[in-house]
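Got chain A; can you put chain B on it based on the hints?
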Amino acid sequence: MKRSVHFAVWLLFAIGSSIASAQTAAQFAKANQEYAAGDFNSAVNDYEELMRGGQDTPNLFYNLGNAYFRKKDFGRAVLNYERALALDPHHPEAQANLRIARDEARALELAPTKLEHSLGFATANQYVVVASIAFWVCAFCIVTLIFGRRRGRGLIALSILSLSIFAITIFAVWTLSRGKDTANLAVVTAENADARLATADNANRVLTLPAGSEIHILSQRGDWIYAALPNNLRGWLPAKSAEHVRL
Amino acid sequence: MEMSIRSHWFKFAVALALSLSATESIHAASPSVTAVLSNSEPAVGETVQLQIKVSGAQSANVPQEISIDGLEIHQTGTARQFEMRNFDVSSSVTYNYTILPVRAGKFKIPAQTVRVGNDSLHTPELALNVTGGSSSSAGAPQGGARGPSAIASKLTFAELVVGKKDAYVGEVVPAEIRLGFDPRAHGRLEEGPELSGQGFTTQKLQQPRETMETIGGRTYQVYTFKTAISPARPGKFEIGPVQAKAIVLLPRRPTAPRTRPRSAFDLFNLDDPFSDPFFSDPFGSMGERSELPIRSEAVTLNVKPLPPNAPANFSGAVGNFTMAVDAKPKNVQVGDPITVTATISGRGNFDRMNGPVLEDERGWHKYPPSSKFKQDDDVGISGEKTFESVIAPNEKKTAVPPLAFAYFDPINGNYVTLRSERVPIQVEGGAATAPTVAAAPAAATTPAATPAPAAKPADILYQLNDLGRIRSFAPLYSQPIFWIAQIAPLIGLLGFAGWKIRQTKIGNREVQRVAALQHESAELLRKLRRGELSPQDYFSNASRVAKVKTALAKNIDPNAVDAETVAKVFDLGENERARLRTLFERTDELRYSGSGNGDASLGHRDREEVLNLLESLRA
Chain A
107 MKRSVHFAVW
117 LLFAIGSSIA
127 SAQTAAQFAK
137 ANQEYAAGDF
147 NSAVNDYEEL
157 MRGGQDTPNL
167 FYNLGNAYFR
177 KKDFGRAVLN
187 YERALALDPH
197 HPEAQANLRI
207 ARDEARALEL
217 APTKLEHSLG
227 FATANQYVVV
237 ASIAFWVCAF
247 CIVTLIFGRR
257 RGRGLIALSI
267 LSLSIFAITI
277 FAVWTLSRGK
287 DTANLAVVTA
297 ENADARLATA
307 DNANRVLTLP
317 AGSEIHILSQ
327 RGDWIYAALP
337 NNLRGWLPAK
347 SAEHVRL
Chain B
8 MEMSIRSHWF
18 KFAVALALSL
28 SATESIHAAS
38 PSVTAVLSNS
48 EPAVGETVQL
58 QIKVSGAQSA
68 NVPQEISIDG
78 LEIHQTGTAR
88 QFEMRNFDVS
98 SSVTYNYTIL
108 PVRAGKFKIP
118 AQTVRVGNDS
128 LHTPELALNV
138 TGGSSSSAGA
148 PQGGARGPSA
158 IASKLTFAEL
168 VVGKKDAYVG
178 EVVPAEIRLG
188 FDPRAHGRLE
198 EGPELSGQGF
208 TTQKLQQPRE
218 TMETIGGRTY
228 QVYTFKTAIS
238 PARPGKFEIG
248 PVQAKAIVLL
258 PRRPTAPRTR
268 PRSAFDLFNL
278 DDPFSDPFFS
288 DPFGSMGERS
298 ELPIRSEAVT
308 LNVKPLPPNA
318 PANFSGAVGN
328 FTMAVDAKPK
338 NVQVGDPITV
348 TATISGRGNF
358 DRMNGPVLED
368 ERGWHKYPPS
378 SKFKQDDDVG
388 ISGEKTFESV
398 IAPNEKKTAV
408 PPLAFAYFDP
418 INGNYVTLRS
428 ERVPIQVEGG
438 AATAPTVAAA
448 PAAATTPAAT
458 PAPAAKPADI
468 LYQLNDLGRI
478 RSFAPLYSQP
488 IFWIAQIAPL
498 IGLLGFAGWK
508 IRQTKIGNRE
518 VQRVAALQHE
528 SAELLRKLRR
538 GELSPQDYFS
548 NASRVAKVKT
558 ALAKNIDPNA
568 VDAETVAKVF
578 DLGENERARL
588 RTLFERTDEL
598 RYSGSGNGDA
608 SLGHRDREEV
618 LNLLESLRA
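Chains A and B, in that order, give the protein sequences. The numbers in the numbering used here rise by one with no breaks, and the one at position 165 of the first sequence is 271. The numbers in the numbering used here rise by one with no breaks, and the one at position 310 of the second sequence is 317.
Pulled out of the complex, with its shape left as it was, chain A reads as follows (with noise of 0.2 Å):
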């Protein structure tokens, strides 16, 4: 009796699930249609919705920026995008479309440092699992050398290589999430947004930012931002002009 039950239930949760996800396929592949078919607005809003629903995932995002783009919007183009990039960072597609988004834009960049240039070459996760492995070998060898017979010099020099890789990466991971690449990222969506001295529609300007050029929100005030701007430059922005990368 108890056996039957669970497996109902069991059998439930698996029909539920099922159907879950084919409905998302459904609405996904309908969303795809009405972009092929150069309906972009209803595109747009079957992905929106696809994406509030929690489907996070490179491709959605990939899609809706291409629907931003033949809408021309750039800059929620360029956001979209920059998401998928964020999700998957070696997304082939997203990166190709993302450059010559930028390029129809003239949108600005934010230049990573030189120390973020050369870490570039993995992901910050990509960092952290190594960070993880090197840590439990080194723990392994630490183990080893305190409780065993013999304390080879093999298994000191394992010792010391894992610990150095150990701190390398973690360093990498502290660099990576201090620099361009984190959850402060926002793209600007707005169409030539005035980046000003202070919070003030009639303050002076310090850089116009055409949409789709990357900030970084130091502080938000009120309906202000405080961002790094391209160029090595601050100032404030009107918040609803920008959008952060991360969800």
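Note that these hints are calculated values from the structure, not bench results. Accuracy of the hints is not assured; some may be wrong.
Claimed, not checked - In silico SDA-like links for lysine to any residue, alpha-carbon gap of 25 Å or less:
id, chain 1, residue 1, chain 2, residue 2
1, B, Lys-507, A, Thr-314
2, B, Lys-379, B, Lys-404
3, A, Lys-286, B, Phe-480
4, B, Lys-115, B, Val-168
5, B, Lys-335, B, Pro-318
6, A, Lys-220, B, Leu-483
7, B, Lys-311, B, Asn-356
8, B, Lys-379, A, Trp-342
9, A, Lys-220, B, Pro-482
10, B, Lys-381, B, Leu-128
11, B, Lys-60, B, Ser-99
12, B, Lys-337, A, Thr-314
13, B, Lys-507, A, Gly-254
14, A, Lys-286, B, Val-168
15, B, Lys-373, A, Leu-216
16, A, Lys-220, B, Ala-399
17, B, Lys-373, A, Ala-334
18, B, Lys-335, A, Thr-314
19, B, Lys-381, B, Asn-361
20, A, Lys-178, A, Lys-220
21, B, Lys-379, B, Asn-327
22, B, Lys-113, B, Ala-134
23, B, Lys-233, B, Ser-47
24, B, Lys-335, B, Ser-378
25, B, Lys-335, B, Leu-365
26, B, Lys-337, A, Gly-285
Using the frame of chain A, we list chain B on its own:
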């Protein structure tokens, strides 16, 4: 008495600290020098004031006389000024010169060297256009004679001094409003001053400078307000009059005919209102405070239109300017932004000025510039305006093209275009910006001797039909799954450590066992060598030594060892093997029968043989 001395010391210390901090603040600012003329277009015989103002210093070495043919220039005085704002003390010294033009013509007063300490500063070159006719815009105060009463007219005056009579549309003309009060009247401004008129704009009046001046034999406390006028259209305009209201202290009017003696101030019998005894004894009678309107005469300004042949990039700047340009960074990739900074310095209408433009914009993408202005004087006529604009190269470039800035020079009456030098830069990258996965044009990487036409923008790639796997924006280390995954190696590590600890403990027991056996063997041999044992004990100990040695050599239990095992382990010869067998047999015989089949005692030779046999047992 003691308190008084303490109080004096305290005051002295405070004054010393303030003066030290003031001195420090004064010396902290680097000195600068400016030179202005009260009128740049006087008539022959009309005196003009030249002021050389040194800011940030308390004294300076200036030329006593300036020799220019056609002008008589003499130094007439020095004025020092200290100003304290929010504990920031600034000082300046102004050297006044009088210029008397003796003939008509255009004169240039060259840059003068002013020495401040070890620094040598230079004044700007000034132009003076002396006309043949007479002029009356400046000179003795005139407005005071138009007051509502004769008394008031003697106590106050207002004067508008405009730097030029002829100007161009958009030109900034310095102007001064001077309000004077007889110091005994304790004059105080109630309203104004206001400068009325149409066809021009004025700068906001600054805080007045206060001086004591003697004009026409009377001493006045003079408040000088600086401003600047900018004509908006051509024509002849009346500037002013300046109007203000002041509260002054007036003596009461005598009801009886005048019988009192003349005031000491009234040297020339000018009917000085302060001849009243009230002013010689303020408590002897009552004065009254009255509101007096003050009004100056208007000044006529002839405004000429700008010439029609303006350069294409002329944006309305009128004055005299210089330009400096820089660009950063110098090494960029195609499409990267470069900040171009253009600094326009000089004298003119900075508020109507637009930034310089690129002479050749091909291959560049421009963004709107920003600007900031740093003024060098009180009214913003002279200073420097910095324009920062961002440009991005669309292709490989070797330099930022020259920037052009056009302005109208009102002194020479012509347009001037300033051109900057090319700023060398290095642009890397180029046509290879198209991504490899995109449908890049085939000739994108083909080097070309001539500039290639702008590539048609590539189209974006296709839609993807697979929704893909849901991922998280959060970094891996902040996701619970990462930390849960660490449990597996942690368990492995703990298990490994436990196994290692157990192995160590086991190893320790073995060592103890070996040590005990070695100790036992050594002890038994020592007893055997002493020769005090009975034959039973002797053979028993000897066979035990053989067993223990074998057990140590093969890591086995000594009780399980027999004569054959010993012989095999130590690879003994036949003779030794027989002797060993005999040893073990005699041991068993003595142990189980209680006595041997022979002598009760053991001979020395037998002992030696047994000992030799045991010592020969070596692995």
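Which numbered hints does this structure break?
1, 2, 5, 14, 20
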